[in-house]
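> These are the residues of each chain, in order.
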Amino acid sequence: MMSAMTETVAAPADTVPMSQSAGRRTDLRSRGEPALWSLGGALAIGVVMILGFLVLVFSNGVATFIPKPLTVVTAIDGTVTAGEPFRSELYKPTPEEIATLTPDWQERIKAENGYASRTLYRMGNFDIYGEDFRWVPDFAVAKFEQPKNLLFFERMEWGAFVGTVKSFKIDGVDQAFAGLGDPKFTKVHADSRERAEAIRNIERGDIGAINHALDVERLALRKIELSAGRNSAEFKAAQDRLNSVSGDLQKRYDALTAEVQKLRAANAGNTLTLAEIGGREKTIEFSYLVRAYAANDMNLAQTLGVYFSRWWEFLSAEPREANTEGGVFPAIFGTAAMTLLMVIVVAPFGVLTALYLREYAKQGRLVSFVRISVNNLAGVPSIVYGVFGLGFFAYMLGGSIDSLFYPERLPNPTFGTGGLLWAALTLALLTVPVVIVATEEALAAVPRSTREGSLACGASKWQTIRYIVLPRAMPGVMTGVILAMARGAGEVAPLMLVGVVKLAPQLPVDGIFPFVHLERSFMHLGFHIFDVGFQSRNAEAGKPMVFVTTVLLIALVTLVNATAIIVRSRLKKRFAGSQF
Amino acid sequence: MNMESISPIRPDNNFESTVYHLKTGGNGTILEINNLRLWYGAAQALNNVQMTVEKGLVTALIGPSGCGKSTLLRCINRMNDLVDGLKIEGEIRLHSEDIYNRGADVIALRKRMGMVFQKPNPFPMSIYENVIYPLKVDGVNDKAFLAETCERALKASALWNEVKDRLDQSALGMSGGQQQRLCIARAIAADPEVLLMDEPCSALDPIATAKIEDLINELAGQYTVVIVTHNMQQAARVSDNTAFMYLGRLIEYGDTEVIFQTPKSGKTQDYVTGRFG
Numbered sequence: 001m002m003s004a005m006t007e008t009v010a011a012p013a014d015t016v017p018m019s020q021s022a023g024r025r026t027d028l029r030s031r032g033e034p035a036l037w038s039l040g041g042a043l044a045i046g047v048v049m050i051l052g053f054l055v056l057v058f059s060n061g062v063a064t065f066i067p068k069p070l071t072v073v074t075a076i077d078g079t080v081t082a083g084e085p086f087r088s089e090l091y092k093p094t095p096e097e098i099a100t101l102t103p104d105w106q107e108r109i110k111a112e113n114g115y116a117s118r119t120l121y122r123m124g125n126f127d128i129y130g131e132d133f134r135w136v137p138d139f140a141v142a143k144f145e146q147p148k149n150l151l152f153f154e155r156m157e158w159g160a161f162v163g164t165v166k167s168f169k170i171d172g173v174d175q176a177f178a179g180l181g182d183p184k185f186t187k188v189h190a191d192s193r194e195r196a197e198a199i200r201n202i203e204r205g206d207i208g209a210i211n212h213a214l215d216v217e218r219l220a221l222r223k224i225e226l227s228a229g230r231n232s233a234e235f236k237a238a239q240d241r242l243n244s245v246s247g248d249l250q251k252r253y254d255a256l257t258a259e260v261q262k263l264r265a266a267n268a269g270n271t272l273t274l275a276e277i278g279g280r281e282k283t284i285e286f287s288y289l290v291r292a293y294a295a296n297d298m299n300l301a302q303t304l305g306v307y308f309s310r311w312w313e314f315l316s317a318e319p320r321e322a323n324t325e326g327g328v329f330p331a332i333f334g335t336a337a338m339t340l341l342m343v344i345v346v347a348p349f350g351v352l353t354a355l356y357l358r359e360y361a362k363q364g365r366l367v368s369f370v371r372i373s374v375n376n377l378a379g380v381p382s383i384v385y386g387v388f389g390l391g392f393f394a395y396m397l398g399g400s401i402d403s404l405f406y407p408e409r410l411p412n413p414t415f416g417t418g419g420l421l422w423a424a425l426t427l428a429l430l431t432v433p434v435v436i437v438a439t440e441e442a443l444a445a446v447p448r449s450t451r452e453g454s455l456a457c458g459a460s461k462w463q464t465i466r467y468i469v470l471p472r473a474m475p476g477v478m479t480g481v482i483l484a485m486a487r488g489a490g491e492v493a494p495l496m497l498v499g500v501v502k503l504a505p506q507l508p509v510d511g512i513f514p515f516v517h518l519e520r521s522f523m524h525l526g527f528h529i530f531d532v533g534f535q536s537r538n539a540e541a542g543k544p545m546v547f548v549t550t551v552l553l554i555a556l557v558t559l560v561n562a563t564a565i566i567v568r569s570r571l572k573k574r575f576a577g578s579q580f
Numbered sequence: 001m002n003m004e005s006i007s008p009i010r011p012d013n014n015f016e017s018t019v020y021h022l023k024t025g026g027n028g029t030i031l032e033i034n035n036l037r038l039w040y041g042a043a044q045a046l047n048n049v050q051m052t053v054e055k056g057l058v059t060a061l062i063g064p065s066g067c068g069k070s071t072l073l074r075c076i077n078r079m080n081d082l083v084d085g086l087k088i089e090g091e092i093r094l095h096s097e098d099i100y101n102r103g104a105d106v107i108a109l110r111k112r113m114g115m116v117f118q119k120p121n122p123f124p125m126s127i128y129e130n131v132i133y134p135l136k137v138d139g140v141n142d143k144a145f146l147a148e149t150c151e152r153a154l155k156a157s158a159l160w161n162e163v164k165d166r167l168d169q170s171a172l173g174m175s176g177g178q179q180q181r182l183c184i185a186r187a188i189a190a191d192p193e194v195l196l197m198d199e200p201c202s203a204l205d206p207i208a209t210a211k212i213e214d215l216i217n218e219l220a221g222q223y224t225v226v227i228v229t230h231n232m233q234q235a236a237r238v239s240d241n242t243a244f245m246y247l248g249r250l251i252e253y254g255d256t257e258v259i260f261q262t263p264k265s266g267k268t269q270d271y272v273t274g275r276f277g
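Going down the list, the protein sequences come from chains A and B.
With the working numbering, the residue at position 357 of the first sequence is 357, and numbering never jumps.
With the working numbering, the residue at position 169 of the second sequence is 169, and numbering never jumps.
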């Protein structure tokens, strides 16, 4: 900005005739031209890097759920590969491989300095082939086909299936297959999925509640045993109650199991026999089929339908196939809950600390030391916070809480292990320097004249802070909180130690009293990315999910930040229009 | 206020004692400043200031930059307490009670005084909230009383007609002159005994300045006004008594007309005729 101004001021010199401008022209250095160029250059490099990163992530992430055409590749040696072309690359075939090729291909590879191109096909059918992906070199291809009857199936287990429908049964009766759009086919699929959902609800919800109730009684008994001993009358009474309650619960459990059995039996009659390209067959229940589509025979509406239904599944469902497929809803929920909890802790804590440091503490050596220490905290590797959180929060604090309030559950830890609360506290510790520094800056920026005006009105120091200084510093405080949130939501390393897991059996919020379970471990988008990308059985299959999850995480952080920025600009408006 | 602007007091062996020719006719003495000495760290900013302020009159403090007039004014409501490394000796009596006494309640003291600053400093709130701020921090909640006070204060500061329809709008949207009059309204809302003004017109244009001066003339009588000003014409126009300060000392203090027409001290003569300053 300054350089730009200097430039405009200097510009008229060019229009002045040389005779009048007596003496030499303003030299380049004093005009600030090199500074302007390096400033702009630095900005440009930054912008290009960020844009490049975003384009990479978004183009990969957004394209992942687009249904891709299925290609059947017949090789010269007769092997047939059917699947989605996944990616292509150049590689160096071995001399033995080259020796088997036609002279024409040998020439071409030679011309490419020994490199040939090959394509990776996602074949699916892992249960039949034992592999998901196969490389097919270009020189091995005899012909490509895209048959319209080739279908793509997504299954609950074993990943995708590429092939055709051989036959299907409703209630054990064979039916004629008349395409995926056949109402009979779609209806039996929807019914089966609905029943599977009902089974899941019974197992997770009702049976879970029974187990919980049984647990409560058992823990009550254990508590009495710890306090009154095994021979006391209370223990006897509690034991009787447990027996009677567990009898009731057993009855309810048996009824639910019978219902599940009934649903299972109904689903078992609805099966689908698929055939892969080589003719080998595989029979699955309809309830295990997520979706099927004719990859090579879809109009735009159908393509979009598959695309958006995949997005919806991704956002709303639970993960399956070791997180490489399905949704990430628990991870979204965990990330949001943890970040929210962290903000609730870090914002008041950081603001109070900064208020004392800036407004009340006598500015001396001790305060400078504290301030430097706070700033240095921001430079501590985040994994160290994780270790601290595990040692101090989980083991020490949580362990004490357990022995005080949950002795009956020991040796199973309740709070004495990683969980939502400890993760939020650890991240709050990690991000509190950001809030303190930002708040201190904001407090220091409140004009002295405004403070004096308030004091001169007979306001006490606290009233001045409460009514004048804090509202005025609020936008700056918000900036700190926004930065802390962004940092906290994207942090992974410390979370791995204090409560994030690959697959959480329950959400931290549910219908069982006390509804919010701060001690539970949870899933997190950042960890999900790490897990899918680097810890899964099949790195190739997980890669698209890494990009999609990254897109989602970036979108979430952007959304949260945008909200906070809007709130901040509203606050700022109150202070705009000042004359000075 | 500003450490840099204060030049250390040079030893002045030729110092003559203060010349007094005070104009009375107010309602007796309200403020009594006895032998006040003040240091910012090692630099002495006030040296044996001795004066009284007449109740109901306007007293102006004049003098060249760095003479200690703002410092003296800010001693009266103990605004200087905020400055680090400040040392004060001597006493200031408000109705014969020493405000620098140990155990004196600074907050209660400031409630008895209103202060208007060099730059308008309205709070980032509505006009109404600005005016009633002194009452709000005093714990007054009676809505009717607050509204009545707001109207009275705005009328007294000649702002009522301009803002009565937009009391709920931000005070920061007003012009500089309006903001300063709002600050005056705020200063008098709690009905203070003394109104302290620290160069209230220095950031304003001539028309706004004239309005403020008219206002000071109207407020005189009702309030005791102590005003610091750089502008000698202004002091001559608005004040009854004028104190001329130089290098932290009170040189001459008395009837404004005498100060400006027939000053008794040579230094005052030099200053008011524009020979230095």
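By construction, these hints were calculated from the structure, which means they are not laboratory data.
Check each hint, because a few of them may be wrong.
[As the list claims (entries may be wrong)] List of simulated lysine-lysine pairs, DSSO-like, C-alpha gap at most 30 Å:
(1) B/K164 / A/K573
(2) B/K164 / B/K136
(3) A/K573 / B/K23
(4) A/K236 / A/K262
(5) A/K572 / B/K264
[Claimed, not checked] Derived CB-CB ranges, DEER-like:
(6) A/Q363 / B/T273: 53 to 61 Å
(7) A/I566 / B/L82: 31 to 39 Å
(8) A/W37 / B/T273: 55 to 63 Å
(9) B/E97 / A/K572: 38 to 46 Å
(10) B/A43 / A/Q363: 53 to 61 Å
(11) B/K143 / A/S569: 46 to 54 Å
(12) B/N35 / A/T26: 53 to 61 Å
(13) A/F369 / B/N27: 36 to 44 Å
(14) A/I344 / B/K143: 43 to 51 Å
(15) A/G379 / B/A144: 36 to 44 Å
(16) B/A144 / A/V367: 29 to 37 Å
(17) A/K572 / B/A144: 30 to 38 Å
(18) A/T26 / B/E89: 50 to 58 Å
(19) B/N35 / A/I566: 38 to 46 Å
What you are looking at is a predicted structure, and each value in this text was computed from that prediction instead of being measured.
A virtual CB, placed ideally from N, CA and C, is assigned to each residue, including glycine.
> All hints are to be evaluated individually against the structure, with a verdict given for each.
Hint check results:
{"no.": "1", "hint": "B/K164 / A/K573", "verdict": "23 Å, holds"}
{"no.": "2", "hint": "B/K164 / B/K136", "verdict": "20 Å, holds"}
{"no.": "3", "hint": "A/K573 / B/K23", "verdict": "50 Å, violated"}
{"no.": "4", "hint": "A/K236 / A/K262", "verdict": "39 Å, violated"}
{"no.": "5", "hint": "A/K572 / B/K264", "verdict": "55 Å, violated"}
{"no.": "6", "hint": "A/Q363 / B/T273: 53 to 61 Å", "verdict": "45 Å, violated"}
{"no.": "7", "hint": "A/I566 / B/L82: 31 to 39 Å", "verdict": "36 Å, holds"}
{"no.": "8", "hint": "A/W37 / B/T273: 55 to 63 Å", "verdict": "58 Å, holds"}
{"no.": "9", "hint": "B/E97 / A/K572: 38 to 46 Å", "verdict": "45 Å, holds"}
{"no.": "10", "hint": "B/A43 / A/Q363: 53 to 61 Å", "verdict": "20 Å, violated"}
{"no.": "11", "hint": "B/K143 / A/S569: 46 to 54 Å", "verdict": "32 Å, violated"}
{"no.": "12", "hint": "B/N35 / A/T26: 53 to 61 Å", "verdict": "60 Å, holds"}
{"no.": "13", "hint": "A/F369 / B/N27: 36 to 44 Å", "verdict": "55 Å, violated"}
{"no.": "14", "hint": "A/I344 / B/K143: 43 to 51 Å", "verdict": "34 Å, violated"}
{"no.": "15", "hint": "A/G379 / B/A144: 36 to 44 Å", "verdict": "57 Å, violated"}
{"no.": "16", "hint": "B/A144 / A/V367: 29 to 37 Å", "verdict": "46 Å, violated"}
{"no.": "17", "hint": "A/K572 / B/A144: 30 to 38 Å", "verdict": "34 Å, holds"}
{"no.": "18", "hint": "A/T26 / B/E89: 50 to 58 Å", "verdict": "57 Å, holds"}
{"no.": "19", "hint": "B/N35 / A/I566: 38 to 46 Å", "verdict": "59 Å, violated"}
Of the numbered hints stated above, those contradicted by the structure are hints 3, 4, 5, 6, 10, 11, 13, 14, 15, 16, 19, listed in ascending order.
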